[in-house]
Structures are given as structure tokens and as C-alpha cells.
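> Could you build the full structure based on these sequences and the hints that come with them?
Chains as they are written, first to last, in my numbering: chain A, 1 to 174; chain B, 1001 to 1174; chain C, 2001 to 2417; chain D, 3001 to 3417.
Don't read these hints as lab results, they were simulated from the structure.
Sample of chain B residues at the chain D side, in silico, Cβ under 8 Å:
1) PRO1068
2) CYS1070
3) GLY1071
4) VAL1152
Calculated pairs, DSBU-like style, for lysine-lysine (alpha carbon to alpha carbon, straight line, at most 35 Å):
5) B:LYS1149 x D:LYS3266
6) D:LYS3025 x C:LYS2082
7) B:LYS1029 x C:LYS2325
Some but not every residue of chain D turned toward chain C, in silico, with C-beta under 7 Å:
8) ASN3106
9) SER3132
10) GLY3240
11) ILE3264
12) ASN3287
13) GLY3371
14) GLN3376
We treat Cβ as the ideally placed atom computed from N, Cα and C, and that holds for glycine.
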Amino acid sequence: MCLSTRLVTWAIVSTDDRRRMSSDKAEYKRQETELDELYQEIILDHYRNPRHKGRLSAPTASEEGYNPLCGDEIILDVEVTDGVVSDIAQRGSGCSISQSSASMMTEVIVGEPIADVKGLIASFTAMMRGSDDDLEELGDLEAMAGVRKFPVRVKCATLAWHTLSQALEKAKSS
Amino acid sequence: MCLSTRLVTWAIVSTDDRRRMSSDKAEYKRQETELDELYQEIILDHYRNPRHKGRLSAPTASEEGYNPLCGDEIILDVEVTDGVVSDIAQRGSGCSISQSSASMMTEVIVGEPIADVKGLIASFTAMMRGSDDDLEELGDLEAMAGVRKFPVRVKCATLAWHTLSQALEKAKSS
Amino acid sequence: MTTSERIGALDVARIRRDFPILDRKVYGQPLVYFDNAATSQKPRQVIEALTHYYETSNANIHRAVHLLGEEATAEYEGVREKVSRFINAPSPECIVFTRNTSESINLVAYAWGRANVSAGDEIVVTVMEHHSNFVPWQQLAQETGAKLVVIGVKEDQTLDLDDGLSSYLSERTKIVAITHANNTVGTINPVKELAAEAHRAGALVLVDAAQSVPHMPVDVQDLDCDFLAFSAHKMLGPTGVGVLYARRELLAEMPPFLTGGEMISKVTIDETTWNGIPAKFEAGTPNIADVVAFGAAIDYLSDLGMQNVREHEKEITEYALRRLKQLESITIYGPEDIDVHGGVISFNYPGVHPHDVGTIVDRQGVAIRSGHGCNQPLMRSLDISGVARASFYVYNTAAEVDVFIDALGDVGDRFNG
Amino acid sequence: MTTSERIGALDVARIRRDFPILDRKVYGQPLVYFDNAATSQKPRQVIEALTHYYETSNANIHRAVHLLGEEATAEYEGVREKVSRFINAPSPECIVFTRNTSESINLVAYAWGRANVSAGDEIVVTVMEHHSNFVPWQQLAQETGAKLVVIGVKEDQTLDLDDGLSSYLSERTKIVAITHANNTVGTINPVKELAAEAHRAGALVLVDAAQSVPHMPVDVQDLDCDFLAFSAHKMLGPTGVGVLYARRELLAEMPPFLTGGEMISKVTIDETTWNGIPAKFEAGTPNIADVVAFGAAIDYLSDLGMQNVREHEKEITEYALRRLKQLESITIYGPEDIDVHGGVISFNYPGVHPHDVGTIVDRQGVAIRSGHGCNQPLMRSLDISGVARASFYVYNTAAEVDVFIDALGDVGDRFNG
Ligand SMILES: Cc1ncc(COP(=O)(O)O)c(C=O)c1O
Ligand SMILES: Cc1ncc(COP(=O)(O)O)c(C=O)c1O
Ligand code: FES
Ligand code: FES
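Below you can see the structure in the form of C-alpha cells.
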């Protein structure tokens, strides 16, 4: 069995090698670069060390977000005081993109007036849709722009933001 | 509207004429001959003037046959006396093939011993399946051989015979 | 090249070149395909879309991170959008892909029906419904103890609405399920008016559009129906794809029908939560390739223009009716008024079974349908067991009608001659 | 031409030439398609069968007197016979065509289930069922008040049968619904033995064969199961075709599921009588073209020989497992024993989400699946939310496994490096 497996391996390697030859080296490089831009150090850092992870003891509103692509979920607790997002916590599970996006989001919005947060949500969503207009305003979040080259993963990046948007709606009416 | 219709007619006739040209004259003749052999005078006669049409007042057995191709039905009443099919009646509706087959069948089996009738059923069924072995024995029924060139219509020809076979089973056990 | 000029509503000579099967000989004769109400032929654009899909993007859709899966998903969902625009649905979410019209209607009868119809309620259908829009309601009525109310037809096989639809409605009427265009006698029903009346009485309306969407412009918002069902295979598309249009709120409220992969959001041992619409109604791997190819069929019809398709069929139906009427002792069914008569003609020779008619013309290359056409209640109301039926589509020509009429001559010769 | 010689169980080099999509580049790299458990690729023989059908014989089947209809019917019914022989069913009558495995199972849960399961009865499934063989039974249990009994798994993801199947059975057990081969961790279950035990307890057995019929010899009479379901699209066939095998007596007794055209014998205003089997279960126009093309897929697999297919997958799976185990800190799921492990490997990198793994290897041309694989109950029992999964088929090579392993190196570099 072992031998026969080796033989298969061998024979097919030789056929397939010819195909492999035709592999596009330049394109390979381009893809590596796109992956580098997706998995930037800052993103991996937030993924490994998520900020504001956990829950709030008395949130103004809580909201659950769900990504139909993968079934991953994020849960946000927000505390709103005098029109300002005074505290926030996030939990749930997901990929590096969704987790780091959530983590970075919590960092930038804490302490911000709701109106500004809403602007940020709009800017971030616009960026993920392809706009480069508000890149400066987004600061570190600009790192997320790399996701745009990975269309199926855009939902990962926006998950936390959509959830935030709904949490704020809830907070308003509560 | 009338004019425009005429124009369409006209224009398309000319395109289509070219296709028509390519119509196979020899094949056309062959098909006409096959149709002639299907719709023989004797078949059309039985179709127009079905024998033993109706019902029996005290049948030994009655049976309903159903053709899934078309939904047509045939109902047979048989009277069996001392191992002989002493009387039979048929009703229902169907195409020229099924109706004439039923009519011809009633004519040949009336007065025959059950064993012989069973032989006839077997011979007829064999003929419809393509065998030429028992053609002589079948007499007038041989006219039905033309149906074999029309595979989807074979069920029409055998409907009455299958029904008869089942009616005889019933008669036996009653 | 006069023949490739557009004369009449459609450039039929050019269209015919798109249909490979029209080059086929049947018993040595060029195929005259007049069985379009059963299923239509397919243009090479549709066949090529299928081939192209399998040769380049085939993958399972939704939830795939790889490129093929992404492409396949985009193509599949793209067709949902196309279908949505084609019938002017308010959103692609309102489009559920099924296998065929029959399944679309069963979906409603099971998922909506079991949740909303109970003993004593009423379901209104017509005697001219195809079995697929009759039996599911009959079964629902039998299972729930609801009453099936059946609208009859008049002499000319138009609905008997002399006393208005309201005479069939009651406070207990839950749904009116009605065909837009009948597949045997060709009657086109005034579904827009009927829908308005049914809604006033608080009933929902399901339109069986299997014979209308392929043949004329259909706008679900204009008709204002609640459900509408049709099949891809009758409109140049592949077999295996049906469409159910439903109002968004209805889809959202309805429990699912088939359960399993794709249609869930979360499954635990104890319970399952459903995916959003329309995914909730598409359990398991869908017929991805055929949905993709159906997109090419919609493009093809959109390019022709559905109003032109209808005009063409009107022309050819009028011509065929005129020629048929010249034949001796033939009975033709369906409304006289071409404005309420689709591209379908049913007829009988007295004393000749429709299957004999079918067999005879078949040997001259003409494919027509014979039988009850899944319209037994209507056949019974006409006191016949079946008809011979010719039905037309975009590639059919008046010259083909001539071939057909010639072939019918042979029927007369054999049976009456 | 050493490469076209047969080495190992299959002549893979020759097989690969039959699959046009394998010439495709993904992000500049040759496609390595390891998502076969989701859906397989299609050989040109299948694609050509589709094209050929639409270009020469397309027509609606059954009840047609014309030649195209006759041909189409013969081709469609011919494939029913082929399928019947392929799984050694006693008769083509036992084969019902559906859309997919999910619909096949729903058909049983609705038509058989609603007629035979009532409050207090028990339904046995396993925690490793695909949602399509889990949710329909869960729903049936909820609707009828029956109890859902769930067999768990052991450490190595084989079924926990230490106390025998009988420990899950009772006098009230009506059916045991069990997967033949799991689609995520690859476990092959001893369904023949389980069926015997279930039958002794008076329960019926449904086998979800979506992952077995495509990959190994399956003989329904040898397994002695009552129902068996699988999908054409996972075995080189087109999307849109599923199979339900059922014992003849069961099909004959079961009430119909979907109602409408084709499946009736007689329809009156008051009642309907059903057609014989299997037509009774095929309402409306079937997916004719894809069933016909499915015939070409069965021919293709029969030519290869299902035992050879299994051998080939064993070889490649063993090789892939050996190479994967060399990777640092990877967790591999599923049984160690290759004899009870299908051609599917699931794994995880600790701290790396499977979708990140999928994205990275995709950019090197390798298509794998990431996520719960419609196996949420199993995932939950493993306390994970998903896995990365590579699944193999007849055209996959050890060289492709090497490409895949290289690509995984990049995952380690990025996340752990
Ligand atoms: C074990 C198993 N059962 C059922 C299914 C459902 O098959 P389909 O999506 O074709 O209905 C699958 C497909 O993923 C499967 O792997
Ligand atoms: C009016 C009408 N409704 C329903 C159907 C059923 O369509 P399908 O067989 O595609 O389910 C047909 C097809 O003959 C039809 O003509
Ligand atoms: S894959 Fe689930 S959130 Fe990214
Ligand atoms: S067509 Fe009905 S019996 Fe011949």
C-alpha cells in the first residue's frame, strides 16, 4: 500500500508538474502581497489580543450580530451616557478579520459622541464598499482596506459595525 | 394585423421551404405505408362498429383496465361456464387501436375454452412484443401487427388483453 | 437575405438559427415542434451557459470561501435578480427557486396552507386548473377540512364570472388559486381584476403563471398577486428549475417547507433556527447550473421583448385558427377572442381519438400533444376525455402551420375518407 | 507516455483529461479542487450528454405520442434502470428522482413520517448527521410529539455503540436515520450491521448515502436498508438530481408527497387517485435533461469501478493524512483507521479560524471548505464551531496534496510565525 501510494504520487507529480510549470509566478507574488495586506500585523495583533473583550454589567443595549457566511456571531454591549458611548464590550467568535475589526472598533469609539460614531460607521462601511474618501479619518482602521480584495470576507469586517449600528438604535429607544 | 400575418407567413415560408426541400421523400412514403398498416380497414371497421359492446347482466367477473399513457379505460364483463368463455362484453373508451383490439378480441374468444383463450393471450402478447411465431393462429388479429412499428401505441393494443387476463384470474377465484 | 429581415413581431428566421434541435429530422421530415406548452426547446445560448458553468465555475454555493464557490454563488444569485426584474418583483428576496411550477405550488400549499387554513375555511380554484394547481389544494382541503370551491367555465371556456368572483367568495375564503393562462384551451384569465376582488374579500391570491410568464409580459406588482409560480423549462430554460414569487412578508412569516442544509441558521440537538428569506425555502444543494443557465433564457426573452413574443404568438395562433376552421368537421376549443387566447389551440375530430391524430401527424414530423393535458376537471366539464393540442413559441412559423394542416388532412382521409 | 499508464487504482492522468475545469487557473495557479464533498466536478461525457439531449431529443416525457417525447421518456427511464443497477436495487420502480439528498429525506419524513410516526414514538439519528438528515427528523418529532434519540460519538468520531445500537432502541422506535459516511470527519458507519439490529427491533432504516454512493460500492440489498438517499451532483453528475431508493412495498403504501401533474391517475373535482410507483412521487415535469446526463456520470463511475474509486481515495487520503500530521500543531479529526475513514479530512490550526485557512490556500489555487459543513451538532459535540476540510475524488493526485501542504505552510507562517 505504501509503495503503491508512492508510485501514484510519483507518476502524477510528473504529469502535474507540467501544469505547475504553467503556474503564473507574477500572479503568485501579487496574491502573496494581497494576503500580506489582509493579514497585517495590526490586524493579527488585535485578533490575538482583543480589546474590550467581555461584557458590561449594566449595558444600555446589547445586540447580537450573525454572519450567514460562516455562522459566526458577535455580541456587543454598549453603554451610552449623555449621548456618548461611555463603554463597550464585545464577545462572540469569528475569524481574524471579524475579531480584529470588532476589537479595533471598540477602541476608536469608546468615549465618542453618538453622532461621531455614526459618522465612523458610515465611513467604515463606505470604505469596505470601495470608497477611499474617508481613509484619513479612519486612522488605524485603514488597515482593514486590505479586506476589499477578498469580497467574501467583507462581511467579516463589517459584522461588528452593523451590530453596533443596531445596538445604537436599541440604545436610543431604550 | 391581417396583412402583417400574411407577411410573416410569406417570409417564413421562403426560409422554411429550403428546409422542406431537404425533406426525405422515400422516408415519407415509408411512413405512409406504416400508417396504412396501422390503420387497416379491418381495424377501422372494428373501431367504428365495436362488437360485444356493453355489459353483461350477470358476469362471472368484471375487470377494469387502465392505460397510463392516456388515461383511457376498458371494462370487461366475462361469463365463464364450464371452463368456457360463454359470453363477454366490453365498454370504456380509447383510441382506434385499443377499441378495435378489444372488439376483435371479444369476437375470437367467445365460446372458447379458457385454456385456449390463455394461449391466445400469450400469442397476442408475444406478437406485440415482436414475435412472428404464432401469426397464423391469430387469424384476423394479425392485422394488429402493424402497431409494432408504433412502440408507444403497443399499450393500446394490449390493454384489452391484459384486462382479459386479469378478468379470467378473477373468474377462477370466484 | 429578405428572410433575415424582421417582419411581424419577431425575426423568426434569425431566432430559428439559435435552436440546434430545429435542424433535426423526425421520420425524415424537418421537425415541426408544436408541443411548447409541455416544454419549450432551448437556444444554444442556454446550452452554452450550462457548458460554460460546468467547465469554468462549478462549485457548491453559499458559505464557500474559495474562488469557484464565490463565482458560482454570484452567478446563482445574479439570476435571482434577473428573475426578479423580469417579473418586476419588488426584491430578489421574493424569488424562491424550486424544481418546477408544481413544486412551487406545493410549497405554498404545505408551508403557507398548513399554517393558515383550517376546517371550515374555503379555497377557491377553477375547473380549468392544471392538476398542479388543483390537486395540492384539493389535498389541503381534504386534510384540513376546508371547502374547495370550484369556479366553472362557460361555453367558450372562459371562466363563469357572470355573477362576479364575489359569488364564489365568503368570509372564510383564505386563498384564490387561479391560472393566468390555461394550458389546453388557451384561456387567459383576468387575474388582475380577480386579485383585486379577492383582496377586497380578505383572501390571498396565487397565480399559476406556467403558461403566462413564458409568453407575455407579467408584472407581479401590477397584478398585485401574493404568490406566482412558473417553470424555466417552458420558457427556453433548462428542466429542473421552477420559480415561486411571494410577497416578502408572506415568505418571512411562513414556516419552512423542506428542511436541511443551507436553509438553517443554527442547529442544536433540541431546535433549529431558520435562515433568512429566500434561503429558508431552499434546502440542500440547489440546481445551481440550471439556475445559471436559466439566466441566459431570461436574457434571450428580454432581448426579444415579451410584448413581441405575445404579438408573434397572436399572429401565428390567429393564422392557425383560421386554417383549422377551414377543415371539415373539426371542433376547436377555447375563446374566440384572440386577446384572451394564448398560443395554444386544442381541437378534436369527431370520432377520432386525439392519440390517433397525434400519431398520424408525428409521422410527418409534427409534434403535438394528445390527451387531457393534466386538465381532467376541465375535460370532464367539456364531456371529453382529451384533445389534440398545438402550442406555439418564438421559433414557430406560419409555414410550419401549413405543414401541420397538411398533416391533418391525412387524419381526415384515414378516418372519414 | 508513462503518465497515461495505470498506476495505483485509477489512471488519474487519463481521468483528468476528461475534466475541462481542471484546465482552469485560479489566481494564476492550476486549480486544486479539494471541495468534492460539497460537489464534484463534471467530466465532458456528462456535459456532452446534456448538450446532446437538448440538441436532439428535448421534450416533455410520459404521455407523449410524438417521437421526441418517446425518445426523451426512454432516456429518462433508462437512467432509472441504470441507477437501480448501480446500487443493486431489486427494481427500477424503487428509484424516485428528486432534486437532491435533502429532498429525498424530506420526502420520507413527510410522506412516510406523517403517516407512521405519532406521539410517543421514537426516531433515532446520530450526532454526526448532516443537517439534511437531522432537521427533517427533528421537525417530524416536534410536529408529532415523537422523541428524537441521538447517538453520540467517541473521541475518534466514530459512533458510540459500546452498548450496541439496541441501547438506543425501544419498542416505540419507528426509524433509524443514519449517515453511511460523514461529510466532515469522514467516519464510515457500519450501516449493514446497524440495519440488521434496527430491523430486529422492528424499526425501519434510512441511510444517508450522499457521501458513500459517490465513493464506494453500495448495494442496497446487501445493506438491507429501507430507504437510501444520495445526490447526483456529488458523483460527477449535474446539479438538480437526487435519488431516493425505497423498498417497493413502502413506496406503494406511502401516500404521495408533492401532488400535481404526472403523479395522478385520475382527477375529479372531489378526489384524486394516484399513479403507480415511482411516478406517484414525481409531481410535475421532472429534471429530465439532468437525469439523462446523470446516466453518463453513472457510466463513467461504473467504467472506473467503484472499488477502484474507493482504493484511489484511500491512497490519497492516507498520503494526505501522513503529510498533514507532519505539520506542527495541527488538529486532525476523524477515525485513524483508514478502513472506516472516507476521502475527507477535517483539521484545524489552533488559534486560526478555518475561514482564514480557506482564504490563504485559495489564493494558491487550492479550493477547500471551511466551516461547520452542515454538521453543527457534531461540531458542538467537539466543542468547535468549524473545521477546514479537504475532500478528494477520482481526479485528485498526490501532487495536488503536495501543493495543498505547501499552501498550508503559509498559514503557519502568517499566524504562528
Ligand atoms: C452526508 C450528507 N448528507 C446530505 C447532504 C445533502 O446533500 P444535498 O445538498 O445534495 O441535498 C450532504 C451534502 O453535503 C452530505 O454530505
Ligand atoms: C398551467 C400549468 N400549470 C402548471 C404546470 C406544471 O408545470 P411543471 O410540470 O413544470 O411543474 C403546467 C405545465 O404543463 C401548466 O401548463
Ligand atoms: S468567517 Fe466568520 S466572521 Fe469571518
Ligand atoms: S390512446 Fe388511450 S388506449 Fe390508445
